[in-house]
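Visitor: Sequence:
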Amino acid sequence: MSLSIQQIQAPINAEMKAFEGKFREFMKSDVMLLDQIMNYIVRRKGKQIRPMFVFLAAGTCGTINESTYRGASLIELIHTATLVHDDVVDDSNYRRGFFSVNALWKNKIAVLVGDYLLSRSLFLAVDNEDFDFLKLINRSVKEMSEGELMQIEKARRLDITEEVYFEIIRQKTATLIAACCAVGARSVQQTKEMVERMRLFGEKVGIAFQIKDDLFDYGDAEIGKPVGIDIKEKKMTLPLIYALNRADWLTKRRIINTIKNDSENPKKVGEVIDFVKSSGGIEYATQVMQRYVNEALTILSEFPANIYRESLQNLVQFTIERTK
1 MSLSIQQIQA PINAEMKAFE GKFREFMKSD VMLLDQIMNY IVRRKGKQIR PMFVFLAAGT
61 CGTINESTYR GASLIELIHT ATLVHDDVVD DSNYRRGFFS VNALWKNKIA VLVGDYLLSR
121 SLFLAVDNED FDFLKLINRS VKEMSEGELM QIEKARRLDI TEEVYFEIIR QKTATLIAAC
181 CAVGARSVQQ TKEMVERMRL FGEKVGIAFQ IKDDLFDYGD AEIGKPVGID IKEKKMTLPL
241 IYALNRADWL TKRRIINTIK NDSENPKKVG EVIDFVKSSG GIEYATQVMQ RYVNEALTIL
301 SEFPANIYRE SLQNLVQFTI ERTK
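Numbering (this note's numbering), first residue to last: 1 to 324.
It should be emphasised that the hints constitute simulated quantities derived from the structure, not laboratory data.
Ideal placement from N, C-alpha and C gives every residue a C-beta, glycine not left out.
A few of these clues could be false.
Claimed, not checked - Beta-carbon label-pair distances, calculated as ranges:
1. 270 <-> 196: 41 to 49 Å
2. 250 <-> 164: 38 to 46 Å
3. 193 <-> 267: 52 to 60 Å
4. 271 <-> 22: 47 to 55 Å
5. 157 <-> 321: 48 to 56 Å
6. 252 <-> 193: 43 to 51 Å
7. 44 <-> 267: 32 to 40 Å
8. 34 <-> 310: 36 to 44 Å
9. 245 <-> 25: 49 to 57 Å
10. 191 <-> 310: 21 to 29 Å
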């Protein structure tokens, strides 16, 4: 039985509580409307998985310090900005069961709020001369944008291969978790080689995390998105790619035409889900996800054993065993 997020967080409980206060401080504004929105965002925060990766990576590599708090805040500011902008792009009215910023304050304000969060992250880094953090995170922000645009481009043609799929999820999701781990290691003055190893560990975890998220599209669990939403949005995920690659030409054409033309029809979406399940797509994606987890844990084993490394290992398991 896997541990709860509270149990995994135990070694860094004090740090996470202190981080919450520091993060609130970093988000403060003199503009009343902006401050009101910042308070709303903070109140509906999620599990804070990304700051946990920063603190646990730092504890694994050395001694958590003030630089670690700034690194975690920098990551969380950028992550929050991307979520606010994503909701505008996706025209989404909900985030984690709450109204999104754009649903309450409209798109124009939401875009400006995202811009403000990005500018705060830059100010935090520059003001403290955390230029190494900027180098690590700048790469992630660039790749996240490229990954999103590549996915949009491929959704139009539905011609995505496994190779392209892995590049998209590496850029869209894995790159930020990789940055979390690299920033954590760098905050305790680790060598470039060890920072890179920790970054690679995070990248592999991030890929496994996204495959798990893709698998939710075919499940019945109560999750953060409706079942079949990826198909409706014409996103080609690993279970579907595998199933299409194994299908005969006529079946492949029929499924692709369904996704292109009938993705709003629940019955037709259900047919695509059944096709993927019967083709072994779920089992294949699960095996690939586990392979990335094993590779990540092999890298993690290179670091000295301590309570932080143990929690980091448990956090990896949590990301692939979660039900939402």
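Visitor: Decide, hint by hint, whether the structure agrees.
Guide: Hint-by-hint comparison with the structure:
no.: 1; hint: 270 <-> 196: 41 to 49 Å; verdict: holds, 44 Å
no.: 2; hint: 250 <-> 164: 38 to 46 Å; verdict: violated, 24 Å
no.: 3; hint: 193 <-> 267: 52 to 60 Å; verdict: holds, 54 Å
no.: 4; hint: 271 <-> 22: 47 to 55 Å; verdict: holds, 50 Å
no.: 5; hint: 157 <-> 321: 48 to 56 Å; verdict: violated, 34 Å
no.: 6; hint: 252 <-> 193: 43 to 51 Å; verdict: holds, 45 Å
no.: 7; hint: 44 <-> 267: 32 to 40 Å; verdict: holds, 34 Å
no.: 8; hint: 34 <-> 310: 36 to 44 Å; verdict: holds, 40 Å
no.: 9; hint: 245 <-> 25: 49 to 57 Å; verdict: holds, 51 Å
no.: 10; hint: 191 <-> 310: 21 to 29 Å; verdict: holds, 23 Å
Hint violations for this structure: numbers 2, 5, all remaining hints satisfied.
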